[in-house]
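Taking the hints into account, I'd like the entire structure generated from these sequences.
Line by line, the protein sequences are chains A and S.
Sequence positions in the first sequence follow my numbering and run 841 to 1255.
Sequence positions in the second sequence follow my numbering and run 841 to 1255.
Quick caveat, the hints were computed from the structure, so don't treat them as lab data.
Among the hints, erroneous ones may be present.
You can't tell identical chains apart in this list, so a pair holds if it fits in one copy or across any two.
Claimed, not checked - Pairs of lysine to any residue residues, derived as SDA-like cross-links and limited to a Cα-Cα distance of at most 25 Å, are as follows:
id	residue 1	residue 2
1	Lys898	Thr852
2	Lys1066	Thr961
3	Lys898	Ala887
4	Lys898	Phe951
There are 2 protein chains.
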Amino acid sequence: MPKIVVKKFGGTSVGDTSRIQKVAELIANYKDKNPDTAIIAVVSAMAGETNRLIALAKSAVAIPQRRELDVLITTGEQQTCALLAMCLKEKGVEARSLLAGQAHITTDSNFTNATIEGIDTCSLTELVDQNIIPVVAGFQGVDCRGNLTTLGRGGSDITAVALAAALSADACYIYTDVDGVYSSDPRICKSARRFKQLCHEEMLEMASLGAKVLHPRSVYFAMRYKVKLAVLSTFNPETGATWIVSEDELMEKPIISGITYRNDEAQINVSEISDANSLLSKLFTSMEERRIFVDMISHLQTTQEKDAISFTVPEESLEYALEMVKKVIESDKKISIYSDSDVSKISVVGIGMRYHTGVAAKIFRVLETEKIPILLIGTSEIKISLLVPRKYSELAVRVLHQTFIEEQPEIKQET
Amino acid sequence: MPKIVVKKFGGTSVGDTSRIQKVAELIANYKDKNPDTAIIAVVSAMAGETNRLIALAKSAVAIPQRRELDVLITTGEQQTCALLAMCLKEKGVEARSLLAGQAHITTDSNFTNATIEGIDTCSLTELVDQNIIPVVAGFQGVDCRGNLTTLGRGGSDITAVALAAALSADACYIYTDVDGVYSSDPRICKSARRFKQLCHEEMLEMASLGAKVLHPRSVYFAMRYKVKLAVLSTFNPETGATWIVSEDELMEKPIISGITYRNDEAQINVSEISDANSLLSKLFTSMEERRIFVDMISHLQTTQEKDAISFTVPEESLEYALEMVKKVIESDKKISIYSDSDVSKISVVGIGMRYHTGVAAKIFRVLETEKIPILLIGTSEIKISLLVPRKYSELAVRVLHQTFIEEQPEIKQET
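What follows is the structure, encoded as structure tokens:
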């Protein structure tokens, strides 16, 4: 087998036929410069198409049945892969579109949110052997009965990473509308740095915490199968990429890799609890049953024998979650409930943190200097997250970025 | 197996989601009234969608590659079948969308114009046994290598008729935007009659000659496999249908069934030919090689030893055909060429003609009375076609309709 790379193009990159022509040009140029490397292309639906199709379904029925919704929305990627294959052939590059069934991407039958169970690479390697570029429809699969399925949010990235894993590809390039992963949101931090390199774990935290470039599921997949990812711009590929590699491939690394934030969580505080353990158990069982995703959780003993708990839920689930809390505690009238959706979660991320003490202390000092109140703290091995009032979110990101990123020497890393 | 009917809905019938809801209602009502009859639904793309997709391909490349064009345009029917299945389920009718591969419709690999080679009805009958309505995407197939194909013009009708044949269905209902087949164009002949019944051969002539309701390929298919067809309106199904049945099922039949016309042919006359046989052979060989479809052909000896030939080609091919004629005759400067695109072809169709002499004579008398010149005559077993100057086409249709249809007693036929 020759060297193989997977190149995935997102919705904005294939947003109309002139952009699809540009993508074909990019692939043709790459092939010219790398004649011995086999390319597998993976495409998303044209930007907006999937949402248009979902709206179409909702104009037909109140609740679109999930199997049929998948039959409907897979047409988006099907159209793009046909168009890209046409454009490649017009440029004299042999290419062939492959739908999920033709690429033998098998999933479970969990329609609209399926999981890949296996990929038989026979048809892909057959095309590669004939020097034909397979152009694979992302986001879709087939179950064991031949039903069409889709992989849910971030699905096309998952297709790309899964193909790269199955083919032991050298790298999986994720072409998008930004030119990499930044240490923070460049709109807030003018001095945000683009990473040359991150390890999967860091990217996973960054992705989960609000960096919108890659869906955490695909990063997780890449980590599990040691797929080397590159995030880069379709329209300015020459500006370089952020490489996401296994930790052991990182040569040098800064302690803190990035500062992220998200504004879509809400906080619930429950205090004056006399039997905290029982309440916690009841409460989170109900939450799980109703599929309310609880993120940060904190439990404090406020006064002797009286406990308080505080946790965050997605802002959109706040009302539903509050109703449930009230139901669970209805027997105990003394318990008080307080909620706040005007909050932001700021996270400081970095593999290096586990080897360095004092990061938390430094965070608290910086925030205290700026008089930014901390509502809740959560820690993991490679991140510290802080809930702060939303009005302070930009300030907090900026000062933390200044402290942890800008005051560190930039470390040049190229792969 | 229970009694089976196939119901096919054309592009206008499924033109938007509110119309798809109406189609679901129609199917649900039919099922209510006929609980023991299994229904197979077949759908076209929403009106305009296939053309939109072809335009999309042409905006991407000069000449869309045919395999990829099929991948692109099959998404139209895929979307409709998913939406119809959703709407049926919302009405409490169990249904499931099936794409060509899922319905095991196998074709040759002649992309954009494939021919059905076989249908394995296993998945259809399995659904029927479970009282689930299969909603099949029309127009598409898969070849033996799993490539998507399309059946060309009239493809959804062909899918419907082929399924009806494969399942030995009792009937195949073609729902469209008109309520049947008429003895002539109702816009020209106010007194045009809707047929209660036609035989396949008559419908085949009607279809080939310009009645736009059914594509001749599907009628031919129905004839070959003795599939009983009904043409009826989706939006006014209660107005009844035109039934198209085998000739031996027709109980009584009028001599002439209809008068049709088409305005898209052009005439070429070549005269002063000394070696007609050699010229005819050369000329029509070139025509075939260049895929110019010649319709009517006439050969006359005008003066002793000098011949003339006259034939019609599609108006859009006229210039190309003329160039070719000039090339073929370039050695013989005496030959003269004349062409006219301002012509109409009027046809008088009827199975009964073969048992009745005098039809041709009656036609000529009628046209002579109205002083309509006849430019060319063509006959077959069940039709007589006449080329006339285009300005007379409506008059010719009216007077022939009056003579052959209105002056005959209407024969009531119901199936």
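Quick rundown of the hints versus the structure:
Taking identical chains as interchangeable, the C-alpha atoms of lysine 898 and threonine 852 lie at most 25 Å apart whether they share a chain (24 Å) or sit on different chains (20 Å). Taking the shortest Cα distances, lysine 1066 and threonine 961 sit within 25 Å of each other inside one copy (18 Å), while across copies they are farther apart (44 Å). Proximity of lysine 898 to alanine 887 under the C-alpha cut-off of 25 Å is found in both arrangements, the shortest distances being 19 Å within a copy and 19 Å between copies. In this assembly of identical chains, lysine 898 and phenylalanine 951 lie within 25 Å of each other by CA distance solely inside one copy; the values are 17 Å within and 33 Å between copies.
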